[in-house]
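*Asks:* If you're matching them up, the sequences are chains A and B in order. Using the working numbering, the first residue of the first sequence is number 1, and each one after it goes up by one. Using the working numbering, the first residue of the second sequence is number 126, and each one after it goes up by one.
The reader is advised that the hints may include incorrect statements.
Pairwise CB distance ranges, derived in the manner of DEER restraints [claimed, not checked]:
#	chain 1	residue 1	chain 2	residue 2	range
1	A	A64	B	P268	21 to 27 Å
2	A	A95	B	K275	48 to 54 Å
3	A	G70	B	G240	24 to 30 Å
4	A	R120	B	E254	20 to 26 Å
5	A	V74	B	K275	38 to 44 Å
6	B	V238	A	T51	45 to 51 Å
Note that these hints are calculated values from the structure, not bench results. For clarity, every value in this text was computed on a predicted model and none was experimentally measured. By construction, the Cβ of each residue, glycine as well, lies at the ideal position given by its N, Cα and C atoms.
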Amino acid sequence: MSFINSLLPTRNGHDEPPAASRPRHEVTETDDAFLLTVSLPGVSREGLEITDEGGQLTIRGKRAAAVPQGQNVVYRETGDSPFELAFVHDGSVDAGKIGAELRDGLLRLSLPKAESAKPRKIAVG
Amino acid sequence: MRRPRNGGGHKPLPWRRLGTGLNRHPACNRGGTMRYIQFTQPSARTFAPARVGGRLGAGIEDEIGYLFGTALSAFAGTGRGQFPVDLSQDKDNTYVRAELPGVARDAIGVEIVDGSLSIKATRKDNRGETEDTVDFSRLVSLPDDVQSDKVSAAYENGILTVTLPRREESKPRKVTVQVS
Chain A
1 MSFINSLLPT
11 RNGHDEPPAA
21 SRPRHEVTET
31 DDAFLLTVSL
41 PGVSREGLEI
51 TDEGGQLTIR
61 GKRAAAVPQG
71 QNVVYRETGD
81 SPFELAFVHD
91 GSVDAGKIGA
101 ELRDGLLRLS
111 LPKAESAKPR
121 KIAVG
Chain B
126 MRRPRNGGGH
136 KPLPWRRLGT
146 GLNRHPACNR
156 GGTMRYIQFT
166 QPSARTFAPA
176 RVGGRLGAGI
186 EDEIGYLFGT
196 ALSAFAGTGR
206 GQFPVDLSQD
216 KDNTYVRAEL
226 PGVARDAIGV
236 EIVDGSLSIK
246 ATRKDNRGET
256 EDTVDFSRLV
266 SLPDDVQSDK
276 VSAAYENGIL
286 TVTLPRREES
296 KPRKVTVQVS
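Let the hints inform the model, and build the full structure from the sequences given.
*Replies:* Below you can see the structure in the form of structure tokens.
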């Protein structure tokens, strides 16, 4: 569980109104890495920004306007607000080896664990 | 901020499926509102002042309210198997837009049945060794003036856009009347 403890969603700028919305996401864990899947419909590669700074991983995605100019909205369920998601990982992730793939509005991040965070087997002699 | 006590009548959201390997906080049993934090495992460290923008003593309730509020606004009215849609029009077409991130193009089915647009999709979630399949389905009522034989669809960045041309006679015509 130590790993899960270390991957915590955090919130920036608590006093500001939430201009960004939190995307649907999923975290899975293997022995070597955490896999983060984030739904970012309407976000292209250009609109995506991923930073890892001071043990905090932040994902920001700007959506293209859902309803193009010149169309009248009849019914609306989706939003236009940007996506934002942040995690604290306290150095349990090897930030230099984070891999990202964005395809069809789905972002897949692999966050390899730092050596110190990997489970170790201790042989009994 | 909306913070429904009983989960707001929503169906369980997909993260429930995350069960394997992820412990749930005991508070998760209180209604449906706690699911969002199931992988955060609140601890003294979670709510350390440095992590919550200096809000000393900020309760877990605040954090949950925040989590739930934003998650809801981002995905109002949809549970597992559902997805948000938009309907818009211009003078030539009616457009239906659906958020379906991560679906293969050949796993999307679009049909018109009795004046409604049926959108079906299957998403395969690959998590290392295990694979999970989620079926999406939605029926959208269409205006009467749709030319159902000329419908086209495109899928980009996880958004499906179905373009439904409007019949000629329903397009607004401009008639200039001479007043004598």
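*Asks:* Confirm or reject the claim that V74 (chain A) and K275 (chain B) have a C-beta distance inside 38 to 44 Å.
*Replies:* violated, 19 Å
*Asks:* Cβ-Cβ distance between G70 (chain A) and G240 (chain B): within 24 to 30 Å?
*Replies:* Taking Cβ atoms as reference, G70 (chain A) and G240 (chain B) lie about 26 Å apart, which means the hint holds.
*Asks:* Do the beta carbons of R120 (chain A) and E254 (chain B) sit within 20 to 26 Å of each other?
*Replies:* Holds: the Cβ-Cβ distance is about 22 Å, inside 20 to 26 Å.
*Asks:* Determine whether the Cβ-Cβ distance between A95 (chain A) and K275 (chain B) falls within the hinted range of 48 to 54 Å.
*Replies:* With Cβ atoms ~51 Å apart, the hint holds.
*Asks:* Could one say that the CB atoms of V238 (chain B) and T51 (chain A) fall in the range 45 to 51 Å?
*Replies:* The hint (45 to 51 Å, Cβ to Cβ) holds, given that V238 (chain B) and T51 (chain A) are roughly 46 Å apart.
*Asks:* Look at the Cβ atoms of A64 (chain A) and P268 (chain B) and judge whether their distance stays inside 21 to 27 Å.
*Replies:* holds, 25 Å
Hint violations for this structure: number 5 only, all remaining hints satisfied.
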